[in-house]
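K.L.:
Here is what each chain is made of, one letter per residue.
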Amino acid sequence: MQFASRSYSADSISAVQELYHSNGWTDGLPIVPPTREAVEACLEWVMMPPDQLIGIEPVRGLAITAEKLAINAVMAGCLPMHFPVVVTAWTAMMQEEFLMHGATASTGGCAVLVILNGPIRLELGASGSFNALANSDRATAVIGRAIRLCLINLLDDRPGVIDRSTLGHPGKFSYCVAEDEEDTTWLPLAEHRGVPKGASSVTVLAAGAPRQLMNEWTTKPEEILETFAAEMRANMRHYSIHPGNYALIIPKQLREHLQAGGWTKADIATFIHERARIHRREWADVGKGAVVRDRGDTVYTAMDSPDQLLVVAAGGPAGGFGAVIPPWLGNKSYAVTLPIGVCVDCEPPKK
Amino acid sequence: MMFEVLDPTPGTAPPAGQLAPRLDTLEGKTIGFISNGKEGTKGFFRHLDQILREEYGVANVVSRTKSNYSAPADPHIVAEIKGWDAVVSGLGD
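Chains as they are written, first to last, in my numbering: chain A, 6 to 356; chain B, 3 to 95.
In isolation and in its complexed conformation, chain A is listed as follows (with noise of 0.2 Å):
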């Protein structure tokens, strides 16, 4: 396989992690060293050529190839069959409605949250369950990683360079949740968006850090939701008043009491958009009076439509808890969902 990358010789593993260290291409741990064998395999994996162009960057017109995505993605500890994933999320990172450009400079420090449905997530021993939103398993770490690899290096999104957040958050190290269709009722958010059942997918939104919530002393849906509503409402008070697509967390105790109240994903939206929604003057009680102004009676929704929350099922078995993620600033990112394109299923072709 021809590699466009220039190729460096180092004696030790150790000089391998100061040459990465040194000129900037990590994000602070340790890196695998992405050796021509390893990306090999990656590029062998999803059958495309190293020159393969998976996108450009809209903004400032770089070319992304899968040979640089796969190098990222052996740093970040992908093994070949993580590979798939790293590839459907930048090429839905560089949809235009994604703003790529915008949501990994901002001063708004958001992260890229990565989302798996489909059978993928059981190929690879993704875990929707424990700790989901955190280091619940080896494939959601390292593919969450390698996004974030891949934007430091492809795109010079380094902090104080392209990046320029003012706070970031742990997600930018890795920030990937699988959903936990086995233990639920409800459809599986891709197939929310239109995948096809059965379909391996993936969708990114720019999003900020999860704010955890509790209700374990109630079963009413009603109430349930009635806290995921205020926790946007604090979101839109303190943070962002802007409508755009929302996420909730919804672990299995609380998904129960949903669920055997026959609630779908689609009332849930339905109730959540009605609740999350504040006046402008409430923000004068929180600060920020010197921007109501005149439209102190005008009413701001969290999001435009129901359809803009993204609901998912995922977190350990026991624990009232869930969490809102918010979007970066509103509708200046949307969410979106690929299928996994390429044959996830097949052996790499023989050498």
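Careful: at least some of the hints might be erroneous.
Here's a subset of chain B near chain A, in silico, CB distances under 8 Å, partners left out [said to hold, decoys possible]: (1) 3; (2) 4; (3) 5; (4) 6; (5) 7; (6) 8; (7) 9; (8) 12; (9) 65; (10) 70; (11) 72; (12) 73; (13) 74; (14) 75; (15) 77.
Just so you know, the hints here were simulated from the structure itself, not pulled from any lab data.
It should be emphasised that the depicted structure is a prediction, and the values quoted were computed from it without experimental measurement.
Note that CB positions come from ideal geometry on N, CA and C, so glycine has one too.
Fit chain B to the given chain A structure using the hints.
P.N.:
Chain B alone, transformed into the frame defined by chain A:
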């Protein structure tokens, strides 16, 4: 143990824009402002407008604001640039 490892960066610089020729003077010129529309830009551009007109003899200041402060300037704003002698593109939080 020897490792042969690959460069994870593009290795080439992104396509760069080209700066317009510098002006010898601002006197009598038309200057365009492209604001990202954030709160902090208002006072800054108001003050800059005043300085350019009063101290540098600028003839016209054209102020435009992007519709999305996180995205490139709208095409209709970019199209207007040809009619200006210089541009100040500013952002403010």
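K.L.:
Now look at each hint and say whether the structure bears it out.
P.N.:
Cross-check of the supplied hints:
With 8 Å as the threshold, the beta carbon of residue 3 of chain B comes within range of chain A, its nearest partner Cβ sitting at about 7 Å, so the hint holds. For residue 4 of chain B, the shortest C-beta to C-beta distance to chain A is roughly 6 Å, which falls under 8 Å, so the interface hint holds. Nearest Cβ of chain A to the Cβ of residue 5 of chain B: about 5 Å, under the 8 Å cut. The hint holds. Hint status for residue 6 of chain B: holds, given a least beta-carbon distance of 5 Å to chain A, under 8 Å.
A cut of 8 Å between beta carbons decides the hint on residue 7 of chain B: the least distance to chain A is about 5 Å, and the hint holds. Using the Cβ-Cβ criterion of 8 Å, the hint placing residue 8 of chain B at the interface with chain A is satisfied: the shortest such distance is roughly 4 Å. For the restraint placing residue 9 of chain B at the interface with chain A, the shortest Cβ-Cβ distance is roughly 4 Å, inside the 8 Å limit, so the hint holds. Interface hint status for residue 12 of chain B: upheld, as the beta-carbon distance to the closest one in chain A is roughly 6 Å, under 8 Å.
Contact between residue 65 of chain B and chain A, as hinted, is not supported at the beta carbon level, the nearest pair being about 20 Å apart and thus beyond 8 Å. Using the Cβ-Cβ criterion of 8 Å, the hint placing residue 70 of chain B at the interface with chain A is satisfied: the shortest such distance is roughly 6 Å. At about 3 Å, the closest approach between the beta carbon of residue 72 of chain B and any beta carbon in chain A falls short of 8 Å, and the interface hint on this residue holds. A least Cβ separation of about 5 Å between residue 73 of chain B and chain A falls short of the 8 Å threshold, and the interface hint therefore holds.
Because the closest C-beta pair between residue 74 of chain B and chain A is about 6 Å apart, less than 8 Å, the hint holds. Given hint, residue 75 of chain B at the interface with chain A, is violated; its Cβ is 11 Å from that chain's nearest Cβ, farther than 8 Å. Of the supplied interface hints, the one on residue 77 of chain B is violated, with its beta-carbon coming no nearer than about 13 Å to a beta-carbon of chain A, more than 8 Å.
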